[in-house]
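Visitor: Chain by chain, the residues:
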Amino acid sequence: MKKDQKLMAAEKQFQLWLAAAAVMHAFILFLLLYLQMWGSAGHVKPKIVSVSLVSLPGSGGAGMHSESPGENSPPAAAEPAVKKPLPEKLPPVARKPVPVEPVKPVVVDKPVDINKALALLKQKVAQKTPPVAQPTSGSTLNKALADLQQKVKSNGRPGGTGSGEGRTGSFGSRSSGGKGSGTGGTADPYKAAITDIILQNWAFSKQLLKNSYGMNVYVRINILPDGTIRQIVFDKRAPSEYLNNSVKKALEKSSPLPALPKEAASRDVWIGFKFTPEGIE
Amino acid sequence: MLDSKLGIFGLLSDAGAVVLMVLSLLLSFSIISWAIIAFKFGYLRKSLQESKAFLDYFFDVYNVDKAFTESERFRNGSLPRVFRSGYIEYRALGNKGDVTQARARIARAVKREVNAEYKRLSTLVPFLATVGNTAPFIGLFGTVWGIMNSFHNIGLTQSASLAAVAPGISEALIATAAGLAAAIPAVIAYNYFTQQINIIERDLEEFSPEFVAAFINEP
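Chains as they are written, first to last, in the working numbering: chain A, 1 to 281; chain B, 1001 to 1219.
If you are wondering where the hints come from, they were derived from the structure by calculation, not from laboratory data. These figures come from a predicted structure and were not determined experimentally. Certain hints may be false.
Stated by the list, open to error - Calculated cross-link-like contacts (lysine to aspartate or glutamate; reagent style EDC-like; alpha-carbon spacing at most 20 Å):
#1 A:K206 <-> A:D147
#2 A:K262 <-> A:D226
#3 A:K116 <-> A:D196
#4 A:K6 <-> B:E1050
#5 B:K1046 <-> A:D196
#6 A:K153 <-> A:E263
#7 B:K1119 <-> A:D147
#8 A:K274 <-> A:D226
#9 A:K6 <-> B:E1072
#10 B:K1052 <-> B:E1070
#11 B:K1119 <-> A:D4
#12 A:K253 <-> A:E241
#13 A:K274 <-> A:D235
#14 A:K122 <-> A:D147
#15 A:K249 <-> A:D196
Turn these sequences into a full structure, and let the hints guide you.
Guide: Have a look at this one:
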């Protein structure tokens, strides 16, 4: 009887320790969770800059705006009320042409998008125009729209170079103006779209490279009218096989690409890319 | 709450059923191990201290009646318990029978109590050895299973990028870490308790004949 009591007392004590151990484990798990939450709160995430490769058609042809005053500027008194010239609304993206590109890129004209953009532009200008009618604001708007249409037309030519008049504006007595020119082909929306697709399929980590010196891959692809990549040619390989393979896999994975635009759908096209650890140039 | 930002817990929320089962098993092993460690540590420590104190008293007085009275104070000690069982047998014999027979009977009672005491001391300790031996393997099983699933998923997604491989392997390795976390304290405690039990057992074997001799040669 005494032994049973002792045994029960021992069991009871053991159960007590069992409960204590369970509480201790729960506490440790909670502590771990808390530490991780605390650690993650203190961790500063790097800023992510999202850059869209698709720009408004024709922006490549837009001139590089010069802010230098007095150059080819009309008289300042002519447009006293204009605060912001309209061409500034256009994204100032002007990409370099791919050096190994054997065929000039095909420019696709999208009149529907341009009309939409123009309508949007008109709306915005109408909203921003002050309620009191300025004598020269209407003419400025018309001039800006005319400029924009001219640029769009000039970009519509395949592979043509666009040229843009420098914007003119006046702020008080100061006048500014400039000239600019760019290659219309780089704003090719089809190329931008396929670049985006290839980038999405490109599984590559820069940190896995020991050094990034000379890590450039020049590659050109032959695209059939239906968008299938027929051939991949490496014009220049990088010293790292990891980079080369990742590029090859990305291109293979991206096939089939969207079908070629109607203007170029009659034949296959060659498009070149330069892959660097930072991305596609 | 447990989203992917929260490290281990974020990974666990995406873990498979087998890995979760393995982790639960290891958690329960760890809880039971720590309960045994705490329970046995107190028990063995008390037993050693009381046995030592009783032995000192016994060799001081060398009187079985006084020693028996004093042994009531050392209820948790192994040696006092053995002494008490021998004393009870000795008193049960009274004055009847010859010395050889009395010695044999007392020795048998003492031996029985020594065995019982040894069992009592070593209860639950083998569980620590089991945890120490099996927990790493159980954890390894969870890891192997997790990596297996991870590779299967890599095959399905057809992507071998680090982003696709690393989370699965990281999740799987938690099982090995948990197995080691359960096994290491269990092995340390097992070795310590085995040593302590061996000390007490040696004392019991050495001093049991002394007790028998004390009962027979009582003045």
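Visitor: Out of the numbered hints, which ones does the structure contradict?
Guide: Violated: hints 1, 3, 5, 7, 8.
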